[in-house]
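Asker: Okay, here's what each chain looks like letter by letter:
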Amino acid sequence: MTAPVRRMTRIAWIVLAILTGAMALSGVLFPGWIGVLLLLPALLAWAVLLIAYRRCLASWRAVVLTWALFGLLRGVAVGIDVGNDALSNLIGTVLAVLGLYALLAGYAALLALVLCRDVSVAYLFLPVAIGAPTLLLTVQMAGGVTRWFAALTAPSTVARALVLEPLLLSLSCMEMLGLMALVPHALITLAREARGN
Amino acid sequence: MNTPEQAPTPRAGKLNIFALPSYTAILFGLIAAVVLGVAFTAWLPGSQLWWPPVILGLTLLPLRDFLQWPDRLLREYGLSRTPCDRSTDHADDPTRREIEAALATLAPDRPPELCLTDMPVGIESFGTFRRRYVALGRRAADRLAHRLASPHRRQPYLAMLCHELAHFINHDMPLAQLSRSLLKMTVLVMTANIWIGLLLVALVAMVSPEVLRPEFWTGMSAHLASLAPVFRPVDLSWVPAALQAQNPYAFERLQDPAGRHALWLASSLYLLGAQLPFVLVGGVLWLVYWPRLMRIRELYADARAAQMLHDAEAPLRALDAHAFLMLAADSPARTLWQRWREGWTRGLSLKLPHLGGLFALHPDQETRRRCLADPVQVFGKPRALAVTVGLAVVLLDLATRGILTAAYIYEPGPFLPTLIAFIVTSTWLLPQVCVAGGQTAQGALTGKIALIVGGIAAIKLGMHFVDLGLVSFMRLTDAAGWGRAVDLWVYAMLGVGAEGPLPGLLGAEMSWTTFTELHVLRPMAYFGLALPPLLGGILWADASLKRRALTWYGLGEQVRRAFWISTGLGALLLALLVIPLLNHAFFPEIYGRWSPAAMFGVVSSLAAAVAAGLWFWRRDRRWAGRCPACGRPVTGGYYPGKSCPHEACYQLLHPWLVAAY
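Chains A and B, in that order, are what the protein sequence lines are. The first sequence begins at 1 in our numbering and counts up by one. The second sequence begins at 1001 in our numbering and counts up by one.
By construction, these hints were calculated from the structure, which means they are not laboratory data. Treat the hints with care, as some may be off.
[As the list claims (entries may be wrong)] Beta-carbon label-pair distances, calculated as ranges:
#, chain 1, residue 1, chain 2, residue 2, range
1, A, Pro184, B, Leu1581, 50 to 60 Å
2, B, Leu1280, A, Ser88, 38 to 48 Å
3, A, Arg195, B, Leu1327, 54 to 64 Å
4, B, Leu1358, A, Met8, 52 to 62 Å
[Stated by the list, open to error] Distance condition first, Cα-Cα at most 25 Å in a straight line; then the derived DMTMM-like pairs of lysine to aspartate or glutamate:
#, chain 1, residue 1, chain 2, residue 2
5, B, Lys1351, B, Asp1374
6, B, Lys1184, B, Glu1124
7, B, Lys1184, A, Asp85
8, B, Lys1184, A, Glu175
9, B, Lys1184, B, Asp1311
10, B, Lys1184, A, Asp118
11, B, Lys1351, B, Asp1364
12, B, Lys1184, B, Glu1366
13, B, Lys1184, B, Asp1065
[Unchecked claim] Every beta carbon over 10 Å from chain A, so not counted as near; a handful from chain B, in silico:
#, residue
14, Leu1044
15, Ser1125
16, Ile1169
17, Ala1202
18, Gly1219
19, Leu1358
20, Ala1575
Remember, predicted model here, so these are calculated numbers, not experimental data. We treat Cβ as the ideally placed atom computed from N, Cα and C, and that holds for glycine.
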């Protein structure tokens, strides 16, 4: 990381911390809509950080870690948000915002990995290989497609965090990225071979 | 000791194996023919197989894997490709400079790129068609550079570098890695297909009785409307009718919960029958043939290193140098799979020396010494070739018996295995022909041909004997039950669910005796009695023509053209004359009528034989048995190192066939 980038990263971290703190307190100290307004600059700061750390993100380890973190944060956020007191709301908001950051980091990790390395075939294969048994098991457990679909779309299900949620979101993204990256990566490989480097 | 700059001094008696087709390429061709041969038959006329997924899957994916292999190694080993003048850390790296200078001296046209790592790596060369890398661990590199700097101790280390460079010069790097990628992808893709296919079939079988009912779709429309009342309700009641119109047969079977099990069974059988032969064939090739290719390429690299340094002992001394370098590298970085494989191979070699040697990636020192002393030994013994080709033919048979091919591709029948057996054996025999001078050697050559053809036929017959044993067992135990099992297989080939109403075939439509005769006894007679003498005869004629062509001393390296014409003619006669004649004689039910194309094939093969015979006769009359220097006759067959016997001439004949070490 060069010095200007390091400096910019430091600033982005500070901005992100301040904005996240402000968003968390927005329900307590300020009106709630201020928190919504602060979300946009916070996400911009987060995007800057994700770009700065793209090399760390471009690995399978980062993909697994970010999506696992998203699942965990979402689960904890939904679990804690059952109370109606101010502290529960505060922790719930922080966890929800962190969950959103983790979700974006998960998507960024998937994108960074496919940009840095040709994982397009793995991206295409994994959703089919994992998706089919997942679907099979969940439908079987629900006792039929109708019940499965009804349970999946029921307000009580939507309100709680599903274990499958990170899996479904990441695999669908993988499939699309894999399709998009297959041909460009093949062309890059051929060009490198033609150049002999 | 000689240095690479000195002129080569040919020594009598050693065959220059680089002047002939390489055995590494022959083995690569065999692997590719077995795996891709089945896939490419999808292009034959009459094939109903939709070729793009099969052919593109088995060509593009391996190619992609092969081209990306160096990048994976660079990343895994943390190899640095930074040249010394571009980095402050390596600003004046004497180690890198010394090794790069040595590589540039040995391969001035295209020296490989040197890659260093701090990981415990010895020396390893890798690359693709146009990319060349030599990887070294830092400690090993320091030790190597130190030795290269010492004029007294540099020779074995130069030989070691020559050996690594030889893998690029011999072009065995792409062949070895491309075949590995091909086998790896065949096994992986087909296994993935089985996994995904079985799960999808299970899913479809499980949900169909519910999903194919019209009530399901009306209920789903209502449910969707209740989820988002702001949007206009979506009507999905048309879906069942559309699905039924697409495949009424499958629709009817899937609707019935009782028929699901049978459908699942038939579909699973179809999937396994289509993909499993590829997995098995790929696995055997990967475990047995690929290590053999790797061992052979090491022997070729030794020969190349000896030729570069004009010293047959240099590669052997390089082995000690390599061991010394590996000590510096502590232990080479190996993946878990490589460590497991090496441990397993070593254990097996100790317990069963003959079997363990099959899986080793490097030849033992004794084999290396023997091959450097007599390069023809690189090609191995005729018995080993018979087993290699025979097993490949059986694997090809296994692959073509799979549902994916058997149901959709009417050929290749005996064409592909016979042609593969002929071309591989004919090419393998070429070095044997080159060293076969004198009459006794001709006898030895005939014996080798008989041994190879007999071995291939025995292995092929072995498979048919297994078939015969199975059929006899079926008939003696529960003929009706086994007949139903065979019926299930046939229906699975046709993609038909094998439940109740389908009529029985074996024992009803076709008797067990007819089945045994058609599928076991007649193929046994075909491959055991009729084909071996004809194949052996053509191989013998091919070897004799090549031996004669070797006496065309004045033509020099152009004699190679005669070699290829002879092999090509043999293959043409087999494909267009011998095999069609045998097919019509043994299987009149299948090949009943002579089509115009088959007749044209027979006539054109005969015409080609006459034309090639005339070409050969004219050249033989002009060039055979004459010294290119003095023009006087030279009697007897050729052998490497043979010279003109006439006084004051003593011209070395075919110097390009004599090794320079």
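Asker: Against this structure, judge whether each hint is valid.
Answerer: Each hint tested on the structure:
1. Pro184(A) to Leu1581(B): 50 to 60 Å: holds (53 Å)
2. Leu1280(B) to Ser88(A): 38 to 48 Å: For Leu1280(B) and Ser88(A) the Cβ distance comes to about 60 Å; the hint is violated.
3. Arg195(A) to Leu1327(B): 54 to 64 Å: Since Arg195(A) and Leu1327(B) have Cβ atoms about 37 Å apart, the given range 54 to 64 Å is violated.
4. Leu1358(B) to Met8(A): 52 to 62 Å: At roughly 60 Å between Cβ atoms, Met8(A) and Leu1358(B) fall inside 52 to 62 Å, so the hint holds.
5. Lys1351(B) to Asp1374(B): violated (29 Å)
6. Lys1184(B) to Glu1124(B): With a Cα-Cα distance of about 21 Å, the restraint between Lys1184(B) and Glu1124(B) holds, given a limit of 25 Å.
7. Lys1184(B) to Asp85(A): Roughly 59 Å separates the two Cα atoms, so the pair is violated.
8. Lys1184(B) to Glu175(A): holds (23 Å)
9. Lys1184(B) to Asp1311(B): Roughly 38 Å between the alpha carbons, so the hint for Lys1184(B) and Asp1311(B) is violated.
10. Lys1184(B) to Asp118(A): holds (18 Å)
11. Lys1351(B) to Asp1364(B): The given pair, whose Cα atoms are some 16 Å apart, holds under the 25 Å limit.
12. Lys1184(B) to Glu1366(B): violated (31 Å)
13. Lys1184(B) to Asp1065(B): Holds - the C-alpha atoms of Asp1065(B) and Lys1184(B) are around 9 Å apart, at most 25 Å.
14. Leu1044: holds (28 Å)
15. Ser1125: holds (16 Å)
16. Ile1169: holds (16 Å)
17. Ala1202: violated (6 Å)
18. Gly1219: violated (6 Å)
19. Leu1358: Label holds. Min Cβ-Cβ 31 Å, cutoff 10 Å.
20. Ala1575: Per Cβ check, Ala1575(B) is outside 10 Å of chain A; nearest 35 Å; holds.
Comparing the model with each earlier hint shows violations of hints 2, 3, 5, 7, 9, 12, 17, 18; every other hint is respected.
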